[in-house]
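**Q** Numbering (the UniProt record's numbering), first residue to last: 1 to 396.
Worth flagging that the hints you see were computed from the coordinates, not collected in a lab.
Hints may be right or wrong, so weigh each one.
Label-pair restraints from in silico Cβ distances [said to hold, decoys possible]:
1. L53 to T191: 37 to 47 Å
2. E366 to T164: 23 to 33 Å
3. A183 to N349: 38 to 48 Å
4. T260 to G150: 29 to 39 Å
5. T136 to S332: 11 to 21 Å
6. D331 to G54: 41 to 51 Å
7. E258 to L53: 25 to 35 Å
8. C170 to A394: 45 to 55 Å
9. D143 to T50: 21 to 31 Å
10. E366 to A60: 22 to 32 Å
11. T191 to Y158: 47 to 57 Å
12. D143 to N349: 41 to 51 Å
None of the values given here were measured: they were computed from a predicted structure.
Each residue gets a CB set at the ideal place from its N, CA and C atoms; glycine is no exception.
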Amino acid sequence: MSKFLDFRREMLGIALLTLLAGCGGGSSDATTSSTAIAVTNVSVAPTSVTLALGNSGTFAATVTPADATDAAVTWTSSDATVATVSGSGVATCVAQGSSTIKASTANGQEGDGTLTCEKPFSVLEFLKLKSYQDSTGVHSITDAWFGTLGISPLNLIYSSNLVTCPLTTCTDEYEVDATKVAAEAASADSTGSTPVSLDLEVWDSDRFTPTVATGNGKTIVQNLSDAVSAFKADNPGAVVGLYAEVPQNTFTWSATSEQTYDSLNPQYASVAALVDYYSPSLYNYGYDGTASGDATWNSAAVYAVDQSRAFDTLNGTSKKVLPYITPVWTDSTGTTHILTYDQMMYRLNALKAAGADGCILWISSEQIDPSTGVLLIIDTTAGWFKAVIDFKAANL
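The whole structure should be built from the sequences, with the hints applied where relevant.
**A** Structure follows, in structure tokens:
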């Protein structure tokens, strides 16, 4: 009888524990399940960001409520061919395009931001003016100062430092001077950080007849090829381009001239294969200061970039397009003008839209300011150069 009573007491104790567990007592597992706080929202910052190819940026996720039990997020990219993302939200651009960077929680809550990946737009300069002015006064210009604005130097080498006239006077008889080329190559940057641009317009009187010998017995194509090849042989690490030769300078562009250049430029394909980047000249030829004139300039820019890409197609290459531009223009009466803020900004935006990789700014070191009659001083507070500063600040 006593054993039976003991058994009943034991069974009643088990039943009581079971009842207590069902009412919130008993094991810790039951307590955790009933007090878990779920994530109700995920927000991601920034909501939109643009980066240059190869660059990285960090996205951050904020989980609501802040005391959610499982606040961990998993990061994913909607297009890993454009951008990748790490487990901590660091996204890296690997190709042009856009990708959605998403943060997700275990219970299915999501937030996202948009990453746009663009190729960088480089602004280079060969501006050998003496002074610039800002709000504090007038200062001396240096390449280091340009560097603080994100503008890089270019090493432009004129033909007088590359060729020799074997006669008393020359038209197209100039010859590539190996000694001069070697001297310039020796002093040029060998790391590629400061590109070299060779100005070899001495044979341009023959540019429309690239298969006919110039006065030195070689064609313009052979002469240009010899100069570039010699420079690169003397300085293999240099990044070398040619001013306004590949593609050929269209000067005052018109739609009717395209047929001529469509036929002419392929004959310079062997020269294009030698340079490291293309530098068409997009100075303000025939510009009249009007919106119509801007549109014509844009047509010339689009055509020049397209012709540069055509060289890539012919040669199986992929090279940068860095056109020369200038703020100076001359009207039909011969009067000199300087581009306004809006006119320069138009050109920079147009080049980016056309697919150029950057631009090269050039002005004669002896340029006179038409408004003052004295040597031009670069103004950082207004006008064309303020447009360059603002554009560079807004573009990678």
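**Q** Compare the structure with each hint and give your call.
**A** Status of each hint after checking the structure:
no.	hint	in the structure
1	L53 to T191: 37 to 47 Å	violated, 21 Å
2	E366 to T164: 23 to 33 Å	holds, 25 Å
3	A183 to N349: 38 to 48 Å	holds, 40 Å
4	T260 to G150: 29 to 39 Å	holds, 38 Å
5	T136 to S332: 11 to 21 Å	violated, 39 Å
6	D331 to G54: 41 to 51 Å	holds, 43 Å
7	E258 to L53: 25 to 35 Å	holds, 31 Å
8	C170 to A394: 45 to 55 Å	holds, 47 Å
9	D143 to T50: 21 to 31 Å	holds, 28 Å
10	E366 to A60: 22 to 32 Å	violated, 53 Å
11	T191 to Y158: 47 to 57 Å	violated, 23 Å
12	D143 to N349: 41 to 51 Å	violated, 25 Å
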